[in-house]
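Participant: Residue numbers (my numbering), protein chains in the order written: chain A, 1 to 216; chain B, 1001 to 1216; chain C, 2001 to 2215; chain D, 3001 to 3215.
Treat the hints loosely; a few may be bogus.
To be verified - With a Cα cut of at most 16 Å, we get these calculated EDC-like pairs of lysine to aspartate or glutamate:
id: 1; chain 1: D; residue 1: K3003; chain 2: B; residue 2: E1018
id: 2; chain 1: A; residue 1: K64; chain 2: D; residue 2: D3136
id: 3; chain 1: C; residue 1: K2147; chain 2: D; residue 2: D3095
id: 4; chain 1: D; residue 1: K3157; chain 2: C; residue 2: E2201
id: 5; chain 1: D; residue 1: K3147; chain 2: D; residue 2: E3082
id: 6; chain 1: D; residue 1: K3005; chain 2: D; residue 2: E3189
id: 7; chain 1: D; residue 1: K3157; chain 2: D; residue 2: E3182
id: 8; chain 1: B; residue 1: K1138; chain 2: B; residue 2: D1169
id: 9; chain 1: A; residue 1: K121; chain 2: D; residue 2: E3082
id: 10; chain 1: C; residue 1: K2003; chain 2: A; residue 2: D20
id: 11; chain 1: C; residue 1: K2214; chain 2: C; residue 2: E2009
id: 12; chain 1: D; residue 1: K3130; chain 2: C; residue 2: E2182
id: 13; chain 1: B; residue 1: K1010; chain 2: B; residue 2: E1174
id: 14; chain 1: D; residue 1: K3160; chain 2: D; residue 2: D3057
id: 15; chain 1: D; residue 1: K3157; chain 2: A; residue 2: D65
id: 16; chain 1: B; residue 1: K1121; chain 2: C; residue 2: D2136
id: 17; chain 1: C; residue 1: K2214; chain 2: C; residue 2: D2036
id: 18; chain 1: B; residue 1: K1137; chain 2: D; residue 2: E3182
id: 19; chain 1: B; residue 1: K1156; chain 2: B; residue 2: D1098
id: 20; chain 1: D; residue 1: K3081; chain 2: D; residue 2: D3045
id: 21; chain 1: C; residue 1: K2003; chain 2: A; residue 2: E18
id: 22; chain 1: B; residue 1: K1137; chain 2: B; residue 2: E1174
id: 23; chain 1: A; residue 1: K137; chain 2: C; residue 2: E2182
id: 24; chain 1: C; residue 1: K2157; chain 2: B; residue 2: D1065
Stated by the list, open to error - Beta-carbon label-pair distances, calculated as ranges:
id: 25; chain 1: C; residue 1: L2033; chain 2: B; residue 2: N1017; range: 52 to 62 Å
id: 26; chain 1: D; residue 1: L3144; chain 2: A; residue 2: P119; range: 26 to 36 Å
id: 27; chain 1: D; residue 1: R3058; chain 2: A; residue 2: V118; range: 19 to 29 Å
id: 28; chain 1: A; residue 1: T159; chain 2: C; residue 2: E2009; range: 30 to 40 Å
id: 29; chain 1: D; residue 1: G3090; chain 2: C; residue 2: K2139; range: 33 to 43 Å
Claimed, not checked - One side of the interface only, derived from the structure: several residues of chain C facing chain D at Cβ under 10 Å:
id: 30; residue: K2130
id: 31; residue: L2133
id: 32; residue: I2135
It should be emphasised that the hints constitute simulated quantities derived from the structure, not laboratory data. Given the structure is predicted, the values throughout are model-derived calculations rather than measurements. Every residue, glycine too, gets a C-beta built ideally from N, C-alpha and C.
In case you want the letters, here they are:
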Amino acid sequence: MSDRRELIVKRVAAFFNEGDLVNLGIGMPTMVANYIPPEANVMLQSENGFIGIGPSPEPGTEDKDTVNAGGIPATIIPGGACFDSATSFALIRGGHVDATVLGALEVDEAGNLANWVVPGKLVPGMGGAMDLVTGAKKVIIAMEHTTKDGSPKILKKCTLPLTAVNAVDYIVTELGVMEVTSDGILLTEIAPGVTVEEIQSKTEAKLIISDNLKTM
Amino acid sequence: MSDRRELIVKRVAAFFNEGDLVNLGIGMPTMVANYIPPEANVMLQSENGFIGIGPSPEPGTEDKDTVNAGGIPATIIPGGACFDSATSFALIRGGHVDATVLGALEVDEAGNLANWVVPGKLVPGMGGAMDLVTGAKKVIIAMEHTTKDGSPKILKKCTLPLTAVNAVDYIVTELGVMEVTSDGILLTEIAPGVTVEEIQSKTEAKLIISDNLKTM
Amino acid sequence: MNKVKDLEEITGYFRDNQSIMIGGFLCVGTPELLVDALVKKGVRDLTIIGNDTGYPDRGIGKLIVSGQTKKAIVSHIGTNKETGRLMNTGELEVDLVPQGTLAERIRSAGAGLGGFLTPTGVGTIVEEGKQTLTIDGKKYLLELPLKADIALLKAWKADKLGNLVYRRAARNFNPLMAFSAELVIVEAEEIVEVGELDQDEVVTPGTLVDIIVKA
Amino acid sequence: MNKVKDLEEITGYFRDNQSIMIGGFLCVGTPELLVDALVKKGVRDLTIIGNDTGYPDRGIGKLIVSGQTKKAIVSHIGTNKETGRLMNTGELEVDLVPQGTLAERIRSAGAGLGGFLTPTGVGTIVEEGKQTLTIDGKKYLLELPLKADIALLKAWKADKLGNLVYRRAARNFNPLMAFSAELVIVEAEEIVEVGELDQDEVVTPGTLVDIIVKA
């Protein structure tokens, strides 16, 4: 994992409280699991039907019935629980998931999120993402600050089809930590060696700078 | 049990098909269970949360967690299944209960049913009755043909607060078997020794007499 | 993260005017010790949500007889004459809800839904004051979610994370209420170590449970 | 009343134009033998309802690649490129539904509800063409029930009455679909005698199951 990705996932892991139920999206969000301290007793939910995602199984010990929401072999820890899809989304939509971590294509000042339709590519379907960002108590976006060609992803207004309206609570990138407030996007933490000017120059939305800006 | 009640419950039991799931109301309907032939493989549902009501437990063998919907100690047969109240009423409302048998205070020509508020008495609450008569595939009313003072209970139009609109399919009394049709109440079977004139005189609704009237 | 507490510790959560869901069906699956604790605490003007009002000396009935209940949202009161009497004198408000609608309203709140359409109650007094919608020519009532400040539940076994298993007809409303209250307190007949319950056997995931008391 | 049948016997139930629900999540908990039987029968213009369209050579994916599917109602098609291709050429209609909404729509049909209100999809293209209701100042979409002619399910164990038990993540949509189709056919890894499953352990009551086939 690149240093910038490690910075992001480490910081995201620090958002969780003891005993939280957390759903991690596919890709970089999945890596957050490696940085949650065991003593936090955080439980991970897999929306295909269980709580208690454990370490990946050793090769040769995979169980055909136990996969994560990406279809990858998984394990379920003692103290976990299995359920059907309606119950899984009752947990999600009902606000019983304390935090969900997802990637984004675009986020905007109003907390709108676009992360399910990639322009010019086949539409994969929203899967559980729309329910997750609508229902989870805390929606945390973990992503690189700009696109590969350097264009801003944190916008005044999303241009792609939305996943949900006014849903994002926090954005964590390799440059900083931002909170979506009713006034706009508040920069609360900044990565070591990054200036406010630099992060603003890579962000289309106007950042509000916290009076209490910390180093990430 | 009186002969007239026995006639009613025996006839009701003959309505069931092999493998049916049936819910029997409190009182006379409960007695129908004794007349279902074992080879019919009829399963009885208890709306408090299981399928497979078995014989009453022997005194001293009651299980504190196993009661029927009247709160009376019960047993659950092998092949039964337990579930929560939302699942129980998903079965009921979703049309998975093939027949429900209930008593009635009044039934009318449109199949309207009144059986939950007794005039002048404390209101007991509808419990599961409204869901049962709305959801079950076949709603069978098992009752004595008239009130204790001889007044008709099968009316042109119900006068008491309704349990459900256009819900009743069959009415079985000690005088005959009736089917609620879109034209009105069709008398299909008549009890031995009873005349059509007698049953009509005890019925406010105008009975349509089946061309194929049988002895009950 | 120790969820197992003594009965005495839980009374601190009770306040006047709270809405409290209580599991059970005619007292089967009702947490009698938790109800007793609520009676002892003596908080008043409670809104009680449950299948029925039990018997005068058992289950939810005790909270009716004690006069602590301002409003009861239940499907049946016929086994507790005191409920009917207080309703008639105006001392108790009783909201009678069809049992399937009650279960679904509680589930609906816990599942984050805004309501649901049911055919139950159409054309009856249950329809009064409710919005109706006609879908494919069939009329339905719009029923709204029902949640509470506290749920008092009964389980057969609980592990120390709060994963719950129920027995027979004692399951009833308990698993639904676990989703639909701010604070979920469970009275368990047996408390076992984490890992003793198979993950497929668990009915209520422990994440929903805040406090476990030994029955 | 023998529900256990040979795989060959079930193909007689398949017809052109049927709607068919198929359990599973990325092929885990999908009845592969039943899907193979459907492919072999060659019926066409099917509406397939499931979580996803699997992989081109596994699960629901086989019914996409075979060209038998007219319409797919699913939450995800990203693991089967053929679905996207046929969608773009107009040979396949794909109705993408948020996963929680899909699960709830299936449950809703099986529970006799006329629909439900969900916040999921508000302000997105999922809202298009749908009635919205505002309850307590919050906007919801009215989502309608989803049922099918046939459900093809996978279970871990079935007793001869059709009572079903599932394992781990293979449960997913299977228990919901058991409520929501006219004909319910189950592929069970193990078929046991009546009484071998404890009544508390059963997830799908046998009354919902019509036919059991040994996996």
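Participant: For a quick check of understanding: which of the numbered hints are violated here, in increasing order?
Facilitator: 2, 3, 5, 7, 12, 14, 16, 19, 20, 22, 25, 28 and 30
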